[in-house]
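A.B. asks: Model the placement of chain B with the ligand on the given structure of chain A, informed by the hints.
As they're listed, the protein sequences go chains A and B. Quick note: the first sequence, position 85, residue 85 per the numbering used here, numbers continuous. Quick note: the second sequence, position 169, residue 169 per the numbering used here, numbers continuous.
I should point out that these hints are in silico values taken from the structure, not numbers from a laboratory. Keep in mind the model is a prediction, meaning the values are calculated, not measured. Hints are not guaranteed to be accurate.
[Stated by the list, open to error] In silico contact screen, one side only, chain B against chain A (beta carbon under 8 Å); selected entries:
{"no.": "1", "residue": "R254"}
{"no.": "2", "residue": "F258"}
{"no.": "3", "residue": "T261"}
{"no.": "4", "residue": "I317"}
{"no.": "5", "residue": "V372"}
All C-beta atoms, glycine included, are put in the ideal place defined by N, C-alpha and C.
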Amino acid sequence: MLQTKPRVHLFITCVADRLGVSAAESTVNLLRLYGCDVQFSELQSCCGQPAYNAGHHDAAKQVARYWLATYDKLLASADDYIVTPSGSCGAMIHHYKDLLVDEPSQIAICNRVLPRVRELTQFLVDDLAVTQSFVNLSSFTVAYHDSCHAMRNMGVYDQPRALLKSAGATLIDWDSSCCGFGGLFSVKLPQISTAMLDRKLDSVTNVMSADFLTSTDLGCLLQLDGGLQRRSTRLRTLHIAELLDPASVVHAK
Amino acid sequence: MAKAEKRGAVLRGTSMVDSRRKIACAELDTDDPAGYQGLRNIAASIKDTVLADLPTYLETFANNAEAAGAKVHFASDAADARETIQDIIRSKGAKVIVKSKSMVSEEIDLNAALELDGYRVIETDLGEFILQLEHEHPSHIVLPAVHKPKVEVERMFNKLYKSPMGASADDLAQTARRVIRQDFLDAEVGISGGNFLVADTGSIVIVENEGNARLTTSLPKCHIAIVGIEKIIPSIDDLPVFLNLLSRSATGQRSTVFVSTITGPKTLDEPDGPDEMHIVLVDNRRSTILADEKLRPILRCIRCAACVNTCPVYQQIGGHAYGWVYTGPIGAILDPVLLGLEDAYHLPYASSLCGACTEVCPVKIPIDDILVEHRRRAVNASLTGPVEAMAMASFATVMVNHNLYEAATRLAAVMPSSNGRMSRLPLPVITDWQSSRDLPAMKGPRFRDIWKQRLASAGANNGS
Ligand code: SF4
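Just chain A, same shape as in the assembly (with noise of 0.2 Å):
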């Protein structure tokens, strides 16, 4: 583990600001656990990515100004992490580059803020080498559930799936496709979206059982958990956050 507490400003996010409430509260305790400096600022709203993926790029820009003007005056040092627990938004956040590639001195800004954004599972692995676990996740089977965004875009695959060993659950092999959240996907072409859902839960309900499903990604458990609310099942969506947060319900007696 580090020497010095390493100071982590939260990038929350605007969904779970708002509907990730407890995912956000066990990404706060389990960065306090873990020994960080957290901070959180209430300047911060999205990342712009539904206007990005819809092809509004000038209501992303806008956004993405104001994203890269909150954080850098928040950085105080240049060792500083910006973390968040929703992986796709951490992966828009690696966007900016190229979105405002016209605009010299928003990249000077990229250049200093963008290469400080972690998702919490990728700082926890990567930065902070946690190998050791708070909970005791033995008796659960978790199917986890990849982030499209987070694996392809920001390299998120295997520590999710370290953390949750390491807290002794049994992981299923869960296959890595799309759960067809997709943002504005979602709403647009509903019907596509959801026949995508239904075959990622059908594979997980039907096929294998599971205690909890879980992701890095919020959007995507909006997604998910919206489905699973509509069958009758056991099985219950959590963020990756709250299933290592001996704080959160699933641990509470």
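C.D. replies: Frame of chain A, contents of chain B with the ligand only:
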């Protein structure tokens, strides 16, 4: 046919080939530079070298092909390509034409034109043969009939050719072969596609598993190959890299059963082959892609369909839903150029941007980035409508204004809910979501409220 049956066939077919691809590529996945990732890099950079100087490579190819006795034609668009081919066929006084698989011939709608001219045109690839019987178009660029459940083909062959029900895939292929054997002998003209154009030898290369392309290009007296101008590779020495990637990515084979390298028509000392060989190089808006830096990587495509097989959207909706020749992710980035953005801008939106396509593309086309680029252009061309534009502008306004963000996220709490779930609401977006999924209630404190109430001070107590 029942929709579900069709969907099942697509899902089964594509998943099977996709998992074979995975295994075949993993086999090469070593750390050395000649491993799978290394080969992808090499292939992408060879293609980029060609694209940086395409006219020169095309000229070299044409010179070498003509030196070997072939006649090379350049066709600027679909009509030009059709007329070129029609002229050649007319001059042969042909009645019967055999064809092996060619997506470019679908792109220029060749069969319809030839049939209108009164020729008998026979597709000799098994999948294409099946589709021709049913007057259908391919739904997939490599597995044209992937949407057809096998039992349906059995039924069809049973009715037409008395083939037994339960016949194996091999038996069905044998039956088709028997039916078209005479056509191969009768045909005056054979039309094929081409997987690669080799600049330094003037050869066209065709890969296949059935052997029908071999017959199509050698039995009739006249062979016409229709190939897109982007299919060029500089040298015959580059071929192994591409063959290796293509066969593994397309079907999960280490190599396809047949690889034909055809350099000109039959020479005097060769026993068989056509007397005449024509190569029609089709542009049809490929130059537009070439001139467009953001879209140019599309021209690296070797049409392996790995992106199609792995695409979770394609697997659900099948190829015909795309409405045109090229389907799946490659179709979603290619069709908006070939058809015009106005007619095809909806295709790039039919994606969750999961990036599975980009991950498997053997020539590293950034497919998901190009999907977003098409969306950007659709928005700039006002194709997506004023309501969405207004919604996005307001979204940005709220997200960059702290007070508005505070107000909006607080206001969200008025949405009615029960048992922690939001009630069903007749609101745009919400209704579309709730058509098949629940939404958690937006009641209660936001994270920022909890932070203020207890988390910030808890941190302070910890001495941070
Ligand atoms: S885009 Fe890539 S993966 Fe898709 S068909 Fe072309 S070469 Fe194959």
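A.B. asks: Compare the structure with each hint and give your call.
C.D. replies: Hints, one by one, checked against the model:
1. At a threshold of 8 Å, the smallest CB-CB gap from R254(B) to chain A is about 24 Å, leaving the interface hint violated.
2. Annotation: interface hint on F258(B) violated; nearest CB of chain A at approximately 33 Å, more than 8 Å.
3. At a threshold of 8 Å, the smallest CB-CB gap from T261(B) to chain A is about 36 Å, leaving the interface hint violated.
4. For the restraint placing I317(B) at the interface with chain A, the shortest Cβ-Cβ distance is roughly 6 Å, inside the 8 Å limit, so the hint holds.
5. Checking V372(B) against chain A: minimum C-beta separation of about 6 Å stays under 8 Å; hint holds.
Against the hints set out earlier in the document, violations occur for numbers 1, 2 and 3.
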